[in-house]
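A.B. asks: Here's the letter readout for the chains.
There are 4 protein chains.
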Amino acid sequence: MISQRLIFAFRSSTRCWRHPIAFVEARKRGGWRCFSTPVCSRGSPVMEEILARVVAPLPTYETRDKAPPPPESNSLEFMHFYKSLDMEDKLSLLTKLSQDFGVDHKSVSELAVKLLDTQIRDLATILQAEDRLRYSLIPRYRQLLSHISRVEGGVKFLVDLRTDLLEIISSKASDSPQIRDLNSTLKSLLSEWFSVGLLKLERITWQSPCDILQKISQYEAVHPVRNWTDLKRRVGPYRRCYAFTHAAMPGEPLVVLHVALTEEISNNIQGIVREFSTLDAEEDVNKINAAVFYSISSTQAGLQGVELGNYLIKRVVRELQSEFPHMCQFSSLSPIPGFTSWLQGLLNQCRKEGRGLELLSEQEWREVEQATDCAPGMAAMDALRKLIGTGEWMRSERLSLLLEPVLMRLCAWYLYGEKRRGYALNPVANFHLQNGATMWRLNWHADTSPRGMANSCGIMVNYRYFLSETSHNSALYLQNKVITASEQVLSLVSQFQKNSKL
Amino acid sequence: MISQRLIFAFRSSTRCWRHPIAFVEARKRGGWRCFSTPVCSRGSPVMEEILARVVAPLPTYETRDKAPPPPESNSLEFMHFYKSLDMEDKLSLLTKLSQDFGVDHKSVSELAVKLLDTQIRDLATILQAEDRLRYSLIPRYRQLLSHISRVEGGVKFLVDLRTDLLEIISSKASDSPQIRDLNSTLKSLLSEWFSVGLLKLERITWQSPCDILQKISQYEAVHPVRNWTDLKRRVGPYRRCYAFTHAAMPGEPLVVLHVALTEEISNNIQGIVREFSTLDAEEDVNKINAAVFYSISSTQAGLQGVELGNYLIKRVVRELQSEFPHMCQFSSLSPIPGFTSWLQGLLNQCRKEGRGLELLSEQEWREVEQATDCAPGMAAMDALRKLIGTGEWMRSERLSLLLEPVLMRLCAWYLYGEKRRGYALNPVANFHLQNGATMWRLNWHADTSPRGMANSCGIMVNYRYFLSETSHNSALYLQNKVITASEQVLSLVSQFQKNSKL
Amino acid sequence: MISQRLIFAFRSSTRCWRHPIAFVEARKRGGWRCFSTPVCSRGSPVMEEILARVVAPLPTYETRDKAPPPPESNSLEFMHFYKSLDMEDKLSLLTKLSQDFGVDHKSVSELAVKLLDTQIRDLATILQAEDRLRYSLIPRYRQLLSHISRVEGGVKFLVDLRTDLLEIISSKASDSPQIRDLNSTLKSLLSEWFSVGLLKLERITWQSPCDILQKISQYEAVHPVRNWTDLKRRVGPYRRCYAFTHAAMPGEPLVVLHVALTEEISNNIQGIVREFSTLDAEEDVNKINAAVFYSISSTQAGLQGVELGNYLIKRVVRELQSEFPHMCQFSSLSPIPGFTSWLQGLLNQCRKEGRGLELLSEQEWREVEQATDCAPGMAAMDALRKLIGTGEWMRSERLSLLLEPVLMRLCAWYLYGEKRRGYALNPVANFHLQNGATMWRLNWHADTSPRGMANSCGIMVNYRYFLSETSHNSALYLQNKVITASEQVLSLVSQFQKNSKL
Amino acid sequence: MISQRLIFAFRSSTRCWRHPIAFVEARKRGGWRCFSTPVCSRGSPVMEEILARVVAPLPTYETRDKAPPPPESNSLEFMHFYKSLDMEDKLSLLTKLSQDFGVDHKSVSELAVKLLDTQIRDLATILQAEDRLRYSLIPRYRQLLSHISRVEGGVKFLVDLRTDLLEIISSKASDSPQIRDLNSTLKSLLSEWFSVGLLKLERITWQSPCDILQKISQYEAVHPVRNWTDLKRRVGPYRRCYAFTHAAMPGEPLVVLHVALTEEISNNIQGIVREFSTLDAEEDVNKINAAVFYSISSTQAGLQGVELGNYLIKRVVRELQSEFPHMCQFSSLSPIPGFTSWLQGLLNQCRKEGRGLELLSEQEWREVEQATDCAPGMAAMDALRKLIGTGEWMRSERLSLLLEPVLMRLCAWYLYGEKRRGYALNPVANFHLQNGATMWRLNWHADTSPRGMANSCGIMVNYRYFLSETSHNSALYLQNKVITASEQVLSLVSQFQKNSKL
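Residue numbers (full-length UniProt numbering), protein chains in the order written: chain A, 1 to 502; chain B, 1 to 502; chain C, 1 to 502; chain D, 1 to 502.
No false leads were slipped in.
List time: in silico EDC-like cross-link candidates among lysine to aspartate or glutamate, alpha-carbon distance up to 20 angstroms:
1) K114/B <-> D104/B
2) K314/C <-> E152/D
3) K215/B <-> D211/C
4) K215/D <-> D230/A
5) K419/A <-> D65/B
6) K498/D <-> E362/D
7) K156/A <-> E192/B
8) K96/B <-> E77/B
9) K419/D <-> D65/C
10) K215/D <-> D160/D
11) K481/B <-> E62/A
12) K200/A <-> E192/B
To list a few chain A residues with every Cβ distance to chain D over 12 angstroms, as calculated:
13) E49
14) G153
15) I265
16) G354
Hints listed in this document are in silico derivations from the structure and should not be mistaken for laboratory results. A virtual CB, placed ideally from N, CA and C, is assigned to each residue, including glycine.
The task is simple: from the sequences and hints, build the whole structure.
C.D. replies: Below is the structure:
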């Protein structure tokens with residue numbers, strides 16, 4: 001969950017409708033092309049003819065178990081045709097598919113009427129009527145999707161097709177409700193095919209095929225891999241890298257989890273991905289007390305909403321416990337994407353509304369003024385915005401000391417208090433809280449890379465997994481929207497609240 | 001040859017309700033037990049309590065993507081509990097599960113009413129209403145099944161659970177329509193999980209793990225493997241053995257196909273499974289013109305109705321074509337289970353009704369009388385029945401010559417003319433005809449083993465796969481119930497019809 | 001070492017020269033044929049011509065590093081030709097090879113003279129002279145052997161060729177000293193190629209390829225495997241089976257060790273290979289305190305004298321210690337082949353020489369007379385011989401009780417006291433004592449199979465490996481011919497000595 | 001191209017005695033250290049004590065098969081001790097080992113005397129005497145080496161130890177004849193262990209372990225791999241990469257061969273390692289007519305003199321022929337290291353001796369003068385030397401055209417005519433000619449990289465393998481020192497000869 005969003009951030013340049021600039025770039029690279037091509041104009045008769053041929057009609061309810069599977073060539077033709085289209089034509093095709101080969105609404109209505117008529121009759125008749133109704137609610141294109149999954153490369157094709165659907169929906173290229181239905185039908189099929197019993201946990205090491213390691217490197221969205229030495233370290237001593245793979249997509253890691261084995265729960269990412277210099281060290285088991293999940297990435301945008309990361313963490317915990325029976329500290333070290341921009345927005349708003357005191361105390365404002373040598377009020381606010389925007393304060397010890405309590409309590413609030421439909425606004429927080437983790441510790445100066453400064457003023461957070469409590473926490477969060485947090489976090493939150501009089 | 005049915009015949013001793021004797025046997029062996037045990041009496045509060053706990057309520061439509069998966073322990077508890085039950089209690093449990101945790105009929109009705117109300121509104125509203133209705137038609141236990149599939153051993157558990165369900169239904173131990181619904185829900189889930197894209201084709205050789213080869217040997221239902229030398233031959237030169245396996249059931253072949261590579265399409269099974277003595281021969285590719293599928297067995301009764309054998313034949317044909325590009329003859333050499341007993345039934349009936357001339361011509365009856373030295377009429381009929389029952393005619397050349405045309409035309413009729421709901425009565429015929437094969441050649445003296453004599457008077461049949469015609473034939477058969485047959489078969493059928501004045 | 005001899009016992013029917021009867025049998029089976037064949041008569045010009053072609057002359061000392069390897073076809077031609085020969089012609093060929101393509105004695109002499117001339121000169125000159133002499137002592141055929149090892153299947157060919165050489169030597173088919181030299185040259189090459197660093201330890205399980213398991217079954221010379229269930233048990237729970245394999249002979253186990261994991265050191269073989277009925281049990285690690293090596297077999301007669309078994313035991317001990325860190329009892333449970341026939345020989349001799357009292361005490365003889373109802377003296381001796389020959393005494397409790405102390409002390413003497421060139425006469429004892437084991441315990445009624453009765457009156461022995469003492473024991477035995485034995489064994493030996501006044 | 005020499009060139013900075021500067025560098029990097037360390041002073045008693053302990057005395061001739069192997073700990077102790085030493089102490093240790101634990105010269109003499117005494121006796125006695133003499137010529141340390149090979153990592157240790165020995169010898173750090181003997185004993189042992197039957201051919205692809213690919217990248221000495229994309233291309237479509245590995249050194253490629261699959265034999269290396277841009281192309285088998293070996297590297301300096309590269313080329317040819325049955329063009333595209341420096345040397349000499357006309361014709365000299373705008377005679381010679389030294393002529397079309405015939409005929413002579421002990425001076429030429437290749441084509445502008453210009457003025461050469469002639473060519477070259485060359489080469493050579501009046 002963390003993953004998809006991050007991946008999306010990472011890949012946003014491929015989304016053509018939403019970001020016109022990225023789009024132009026993408027076009028140049030031969031990606032999404034948004035103008036019609038000579039190959040196939042929208043709604044061309046070719047398209048209709050192909051769909052009519054390859055999307056077999058649903059068998060009648062009576063013969064549903066007797067129907068022969070359509071020839072494989074149907075699926076292959078559809079796949080080949082679809083791949084040859086540019087994005088505009090893909091949209092046409094999917095729209096047509098979802099509109100003309102969906103559910104037969106008339107038949108559904110009739111069966112609904114019949115069902116209501118049967119209510120006085122016996123149970124067997126009711127069950128029959130329900131089953132017929134259920135069958136009539138299957139869109140005709142579902143069969144096509146099912147058959148595509150059976151040919152070689154079919155599952156991967158459908159994952160990529162769903163990537164397109166999600167792109168279409170999120171970019172608002174189409175707001176057709178049928179497209180939405182197609183997306184949700186495909187999602188539910190993918191959920192079955194990628195059910196966890198069918199996934200294989202693989203540990204990735206320096207002995208793994210280069211092909212896999214290259215993908216691991218490319219997919220790493222959280223802390224980008226800089227070079228092969230960097231990569232080697234991430235699969236070397238005191239590190240573990242696990243991935244789920246799937247029989248139908250061999251050699252393709254679906255979700256990847258990077259773990260650092262440490263003496264205590266890390267409060268700093270550079271110590272994990274940079275300064276560590278024991279490439280050839282032998283692991284000393286006595287120095288391994290904690291497992292720190294410092295990166296989790298989904299690799300397939302098309303599997304959005306298909307729960308994998310959650311299961312991967314659980315499986316890895318089990319794996320680590322069997323390797324290190326004494327280990328009992330499990331925690332993430334997570335980025336906080338969005339904090340800086342949320343904060344900038346907040347500053348803007350307070351500036352407009354003159355509510356600066358909700359953010360910093362009078363004393364703090366005074367110190368900002370002195371440190372930046374500016375006038376009080378608006379000017380101080382602007383100075384602060386600029387500091388945060390540039391990350392310049394990092395270089396001044398005075399500013400650092402001044403800003404630490406401010407940014408920490410604001411960040412705690414951002415993570416704990418800011419919501420979307422009742423759940424944590426921050427996607428990474430939402431992911432770990434759903435999994436039942438505790439919001440455990442905010443870490444100052446935890447990611448001083450430019451990226452870390454830009455995202456979250458260098459702050460990172462540990463979501464800790466207390467194994468005996470995760471399933472309780474998860475239910476609490478999902479059902480009651482309650483966030484479990486440590487004293488450190490709660491205390492920071494209450495400092496924020498006191499100040500802002502919330 | 002086709003799988004599930006034969007496997008059932010093979011395993012019939014484990015069905016306790018239908019066959020009282022087999023049942024007693026089974027009980028002794030610790031199999032199904034039909035009396036209540038102290039562990040758990042039917043409808044016990046324990047059972048209800050467990051179900052209430054492990055079968056989580058369906059999330060509301062709105063929160064359906066937000067619901068946390070229930071703890072794995074729920075699934076494990078259910079599996080453990082179910083396995084501890086005897087058959088009677090299993091039936092109770094499944095009945096309760098299907099009745100109390102199925103669809104909420106009231107809610108379905110309400111949503112059906114709402115759907116009908118929306119008919120005047122816009123499409124988006126209709127789609128919404130349909131989706132809600134669709135969601136309400138998901139039985140609550142479906143979620144449990146889904147979650148079980150995710151734990152280790154879960155998929156195998158569900159396959160075995162479906163074996164129980166099929167047993168319950170076919171033995172008429174229960175005629176509850178909910179049990180039927182449970183069965184069909186489970187079948188549709190299994191169909192997704194065992195979709196062909198997720199299956200792996202494995203060639204089995206003498207280098208394969210002993211564990212697999214032992215299973216191949218045990219599962220071989222068509223021509224039982226006598227010993228390890230026999231088995232070695234079946235994976236040795238001029239033979240191929242393929243199986244589908246599935247990631248969620250490692251080391252477990254799901255459906256197994258045995259192929260002989262021959263100079264021409266075999267007309268005799270002993271030549272394939274017995275007399276062949278080239279265990280250490282090198283294959284001479286110039287002597288390989290035909291691939292004869294002489295045995296196909298499904299190993300998992302619980303996958304009945306989940307199409308696998310069909311796909312396996314297709315995959316194997318592709319595999320063989322890539323190994324032997326010049327090969328173009330593909331055919332089964334299939335048993336005809338049920339022919340002898342059908343014939344005995346027919347003789348009985350004709351005897352009762354005095355219609356002997358419909359079976360044999362006057363001339364033929366006379367020869368029977370002479371050969372068996374008996375009186376005409378009833379006596380001759382009895383003599384014939386006895387001959388067929390004992391297979392004694394085999395030893396007399398005279399009788400053999402006399403009976404060959406008679407039995408061949410009767411058998412052709414049995415295969416071609418005898419129907420069940422319009423499709424071939426004989427299950428093996430039905431399997432290959434569904435796949436698009438042609439009923440190609442009846443072979444006299446093709447299986448002279450006691451089993452072959454008892455099943456089909458030693459006759460076997462080739463279903464031939466003309467690759468360019470299978471998909472046309474399959475559609476013709478499944479949709480129009482038309483059987484494609486060779487001239488030999490049609491000529492035998494017409495001889496039968498002429499004689500019997502049909 | 002135990003192994004080769006046992007294997008030899010096992011295969012003795014293939015030795016044609018020594019055992020005329022076995023020879024005739026072998027001939028029938030197409031084995032060694034001892035008459036000339038039309039293909040190639042002894043000393044035929046064909047043979048000479050081929051040898052002259054394929055056995056390249058040794059390069060001069062100066063060009064020894066410059067010589068191109070001969071074409072591979074030379075090696076292949078020799079291999080092909082050799083395999084086509086019958087035994088008589090093989091003998092001719094090997095004789096010719098060893099005589100005509102060995103060392104150039106004249107050149108050796110000359111270089112020896114030169115070396116002696118140099119003794120007054122500087123060290124570099126001496127080393128040069130020695131190196132030239134060393135080079136001249138390499139037989140010309142050594143190069144052929146070396147080149148054969150490089151072609152596919154070459155190493156296996158040489159192992160089999162050495163089997164022939166050993167056969168020739170042990171059957172006295174030839175007493176040519178050159179053949180002996182050829183054998184020792186080949187042995188030293190094989191020792192390098194089969195040096196332990198190049199061997200791979202494989203654990204054999206029911207998941208191993210059938211091909212391997214079949215070989216394991218065939219090679220088991222100590223306690224023959226009766227069927228596949230028996231075999232499955234030997235690789236199942238509470239059992240381990242290990243083998244060394246070699247890169248140049250893939251799929252071919254070279255030496256196989258069977259281990260039983262037990263609560264205490266076993267005193268009975270039937271408990272290990274027969275009565276054990278926990279095929280599907282889960283191993284309970286708390287019940288595993290001892291590892292009992294109950295069978296070790298070399299599979300390649302041609303590797304006689306190439307130390308493998310010794311290393312295999314050491315590797316397996318290390319393997320087991322890492323799997324069961326608490327395990328500290330390691331012992332064989334070994335057969336005593338030759339005891340019964342040694343005893344019969346002794347009885348014969350004593351009978352001739354009237355020295356019965358050296359074997360049994362007066363009291364014991366009396367009891368024998370009573371029990372067998374025979375006259376004293378010769379008659380009693382004959383009765384005893386008959387009893388031992390038939391194993392009939394087993395069925396009488398009285399005789400059993402009477403014979404136990406007698407046979408046990410005789411057997412202890414046989415193992416401990418009977419020597420050949422100062423080392424234990426019994427080959428199994430010699431093998432384990434060389435490895436540094438202690439002769440630990442004689443076990444009465446330990447192998448009551450017909451084979452066990454015939455070999456050793458049902459007695460078996462444990463050679464125990466006290467890990468901290470093996471290397472000391474080994475040196476003591478090999479250098480000083482001292483056998484380390486337990487008190488039980490020493491006490492039995494001293495009973496024997498007291499009685500026989502030795 | 002050929003391996004060991006190039007590798008040596010490549011690694012020369014690690015040789016400390018010969019190149020003082022490299023040595024200092026090496027010291028900094030913790031490599032060879034040439035000053036005594038406190039750990040162990042030369043000839044320290046510690047060293048003697050250890051050697052006395054771990055190098056067991058040779059058993060007597062009589063007990064040679066009875067001797068127990070020394071405990072493994074001896075080997076481990078020696079390995080550990082050796083690795084802890086700096087280079088100076090290593091030299092001391094090896095010197096001591098080779099001097100004090102070599103052959104017992106006195107005993108050799110005595111046996112030589114005995115052998116000469118026996119000359120009148122029978123053959124068996126002579127063979128005995130020879131065998132004793134042969135045994136006495138085995139240095140005592142040979143046993144230690146043999147035992148080291150048996151422990152884990154032992155073979156690799158010995159390969160590295162031989163690297164040290166070769167370093168010592170080539171750097172003249174020692175000129176002890178015993179060190180030379182030790183080296184040759186070790187070489188002959190390594191030759192047995194690395195005999196080709198024990199090597200495994202592996203094809204390296206992008207699916208191979210990263211660990212292997214990283215090594216392949218590091219070991220590539222001929223055309224250095226620039227980055228991972230470069231590496232991916234070298235194992236991608238239209239490329240093959242093969243390596244020999246050995247069971248005792250898992251994961252360690254010993255000799256690596258890079259092959260390009262092309263339409264015709266390449267005359268240019270950049271087209272292979274740079275400009276090729278079909279990373280994701282599908283191979284079109286119709287475009288593959290030739291296999292061009294463009295790089296072969298030995299990775300283990302310690303295996304110098306152990307023939308591997310030769311065998312690898314032969315195996316790969318066989319492999320390619322089975323993949324592409326129609327392929328019949330096999331050729332190297334090889335660098336010509338040393339040509340430029342040979343040419344500079346020649347120019348120097350001619351300048352000194354005023355023999356310029358032997359190199360260029362009068363006409364050519366004139367053109368040089370004009371093109372470089374210099375005076376005739378010395379000045380022109382200097383100008384030419386400068387041109388060649390800087391490679392500047394490349395940028396001028398006029399100079400290029402002028403120099404092409406000159407450099408091509410000089411280069412042809414360098415390759416064909418310059419000898420060392422009668423064999424080609426150029427090591428790459430010598431390698432391929434030994435293998436039986438034909439010196440087929442010199443290619444102008446074939447390697448325009450700085451390295452290619454510096455080595456050989458951009459010229460490369462194809463050594464072509466005509467499979468039916470290699471074994472004849474090889475023998476011709478090795479025995480008669482005859483180089484097989486194409487007309488192009490011979491014609492260039494004769495142009496050179498005509499000019500230089502040779």
